[in-house]
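Build out the structure end to end from the sequences listed, making use of the hints.
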Amino acid sequence: MTLPVQLVLRVLLADPAQEIYGLQICEAAGLPSGTIHPILARLEGFGWLESWWEDIDPAEQGRPRRRYYRLTQAGAEHAGHALSHATSPLAGIPALSPRSAGGPA
Amino acid sequence: MTMDRGLPVGLDLTADLANDRALARANELAHNLAHASYCARDLANTSVSTFALAQAGASYSDRANNRARAVANYFDLDLDHALVSYRDRANELARDFASYRARASARALARALDRVLERDFQRYRALASHRDRDPAFDRDIFGHLEFARHLGDDLAHASHLARDIERDSGLIVDFNLNSHGHTPASDPDRHLELTAKASGKRRTGELARTPVRLAGVAARLLPAAARARYREEYQGELAELAVAGAGRRNQFGYALRLLTRAPLLRAELRSASRRRVVP
Chain A
1 MTLPVQLVLR
11 VLLADPAQEI
21 YGLQICEAAG
31 LPSGTIHPIL
41 ARLEGFGWLE
51 SWWEDIDPAE
61 QGRPRRRYYR
71 LTQAGAEHAG
81 HALSHATSPL
91 AGIPALSPRS
101 AGGPA
Chain B
106 MTMDRGLPVG
116 LDLTADLAND
126 RALARANELA
136 HNLAHASYCA
146 RDLANTSVST
156 FALAQAGASY
166 SDRANNRARA
176 VANYFDLDLD
186 HALVSYRDRA
196 NELARDFASY
206 RARASARALA
216 RALDRVLERD
226 FQRYRALASH
236 RDRDPAFDRD
246 IFGHLEFARH
256 LGDDLAHASH
266 LARDIERDSG
276 LIVDFNLNSH
286 GHTPASDPDR
296 HLELTAKASG
306 KRRTGELART
316 PVRLAGVAAR
326 LLPAAARARY
336 REEYQGELAE
346 LAVAGAGRRN
356 QFGYALRLLT
366 RAPLLRAELR
376 SASRRRVVP
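These protein sequence lines map, in sequence, to chains A and B. Using this note's numbering, the letters of the first sequence map in sequence onto residues 1 to 105. Using this note's numbering, the letters of the second sequence map in sequence onto residues 106 to 384.
Treat the hints with care, as some may be off.
Ranges between beta-carbon positions, derived for each pair [stated by the list, open to error]:
id : chain 1 : residue 1 : chain 2 : residue 2 : range
1  : B       : ARG130    : A       : PRO32     : 53 to 59 Å
2  : A       : ALA82     : B       : ARG332    : 51 to 57 Å
3  : A       : GLU77     : B       : ARG375    : 22 to 28 Å
4  : A       : ASP57     : B       : ALA349    : 20 to 26 Å
5  : B       : GLU311    : A       : GLU77     : 41 to 47 Å
6  : A       : GLY62     : B       : ARG354    : 20 to 26 Å
7  : B       : ARG375    : A       : MET1      : 18 to 24 Å
8  : A       : GLY62     : B       : ARG314    : 17 to 23 Å
9  : A       : GLY80     : B       : ARG332    : 31 to 37 Å
10 : B       : ARG354    : A       : PRO16     : 32 to 38 Å
11 : A       : ALA59     : B       : ARG334    : 16 to 22 Å
Computed far set for chain A versus chain B, every beta-carbon distance over 12 Å [said to hold, decoys possible]:
id : residue
12 : GLN18
13 : GLU27
14 : GLY80
15 : LEU83
16 : SER84
A few chain A positions that, by computed beta-carbon distances, are all more than 10 Å from chain B [said to hold, decoys possible]:
id : residue
17 : ALA14
18 : GLY30
19 : ASP57
20 : ARG70
21 : GLN73
These aren't lab readings, by the way, just hints derived from the structure by calculation. For every residue, glycine included, the Cβ atom is placed at its ideal position computed from N, Cα and C.
What follows is the structure, given as structure tokens:
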């Protein structure tokens, strides 16, 4: 499993029930644009991830709809298992979340 | 009797002194303008191969633009039309500077684009080799990257031309309005608008057209079934970026990365599609 995939999975696993859109995943994982879409497409193809359009009227809100992503139940289990067996240096990092990015509280 | 005659004479003298000072100030400004013009032409004749030199040119351009405007305004308000040739010269000089700066930015943009494409191309080659893919995959990636590179060059060129036109037209409007007295220096909002237009600066928080088009091209590289979805998703992300205050350059970088990684996304989507077809 590559490092970017691990980063994306860690972001999604931080709160598996939370719906999150592409730009948020980019920012939380610290990955550049364009990197996450192939990863998300792969995970979606495996059935680990589900996605749907935000239910809003773009004209009313004044912005386009967002595409939200969330791990499926099976996906969350598989992702947790895969991350625990990951061999990249990221496995040694205890936490990669926005909270830990700012240093100790 | 002496005092009665002395007052008008004193006023005349004061007026003469004021005129002399105005003339001296005008001469000083004209001298400065001529010096700026000399420096600019000297700079333009020098080699423009490095970006540092281009930045120096941009700095010169700003100073010369401001000086040229000051001279033009001053002439409009205080001196007769015999000095209009100086304003025309200032106008011409400002256009030359704007064009010079536009060329420098376009060159930097094209270099950045080339660096990104080259790096991604190397990455894709490494990926293809690592996964021991079919050589056709590598050729496919190469073809798309070549296409993206040409597209990037064309876009950089188009962007360059658009900036030239925008800046030139802004400067011409600025100077024309000043010359007819319709834009007094005391109208700060109008002056700011014209200055921003002339200097090519855009407000942040606006969704720029070129990144949206690039995102559209990135979506066109994907399988037909996924194009509409990703086009809307990309445009949504660019809109979010713009709302968050990202400038035109950031939006362009974001869209460019979407474009350079579109072949990888296409490969993933095709694999996922094959997995769904084959039980």
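Hint by hint, here is what the structure shows:
For ARG130(B) and PRO32(A), the hinted distance range of 53 to 59 Å is satisfied, since their beta carbons lie about 54 Å from each other. In this structure the hint that ALA82(A) and ARG332(B) lie 51 to 57 Å apart at CB is violated, the actual value being about 30 Å. A beta carbon spacing of about 27 Å between GLU77(A) and ARG375(B) agrees with the range 22 to 28 Å that was offered as a hint. Between ASP57(A) and ALA349(B) the Cβ separation comes to about 22 Å, which falls inside the hinted range of 20 to 26 Å.
Our hint of 41 to 47 Å for GLU311(B) and GLU77(A) holds, since their Cβ atoms are close to 44 Å apart. A hinted range of 20 to 26 Å holds for the C-beta pair GLY62(A) and ARG354(B), which are about 24 Å apart. Evaluation of the 18 to 24 Å hint for ARG375(B) and MET1(A) yields a pass: the beta carbon distance comes to about 21 Å. For the hinted restraint 17 to 23 Å between GLY62(A) and ARG314(B), the CB-CB distance of approximately 18 Å keeps it satisfied.
Distance hint check for GLY80(A) and ARG332(B): the Cβ-Cβ separation is about 33 Å, which falls inside the suggested range of 31 to 37 Å. Separation of ARG354(B) from PRO16(A) is about 36 Å and conforms to the stated range, judged on CB atoms against 32 to 38 Å. In this structure, ALA59(A) and ARG334(B) meet the distance hint of 16 to 22 Å, their C-beta atoms being roughly 20 Å apart. Listed as outside the interface, GLN18(A) is consistent with that label: its C-beta sits roughly 17 Å from the nearest C-beta of chain B, beyond the 12 Å cut-off.
Separation of GLU27(A) from chain B is inadequate, the least Cβ-Cβ distance of about 10 Å not exceeding the 12 Å criterion. With a closest Cβ-Cβ approach of about 22 Å to chain B, GLY80(A) is found to remain outside the 12 Å limit, as its non-interface label requires. LEU83(A), annotated as away from the interface, keeps every beta carbon of chain B farther than 12 Å; the closest lies near 20 Å. Consistency note on SER84(A): stated as away from chain B, and its beta-carbon is indeed over 12 Å from all of that chain's, at 24 Å minimum.
Non-interface call for ALA14(A) relative to chain B: holds, since the shortest CB-CB distance, roughly 20 Å, exceeds 10 Å. Distance check on GLY30(A): its Cβ is at least 14 Å (rounded) from any Cβ of chain B, clearing the 10 Å threshold; non-interface status holds. For ASP57(A), the requirement that its beta carbon stay farther than 10 Å from each beta carbon of chain B is met, with the minimum near 14 Å. For ARG70(A), the shortest C-beta to C-beta distance to chain B comes to about 15 Å, beyond the 10 Å cut-off, and the non-interface label holds.
With a cut of 10 Å on Cβ distances, GLN73(A) stays outside the contact zone with chain B, its closest approach being about 20 Å.
Hint violations for this structure: numbers 2, 13, all remaining hints satisfied.
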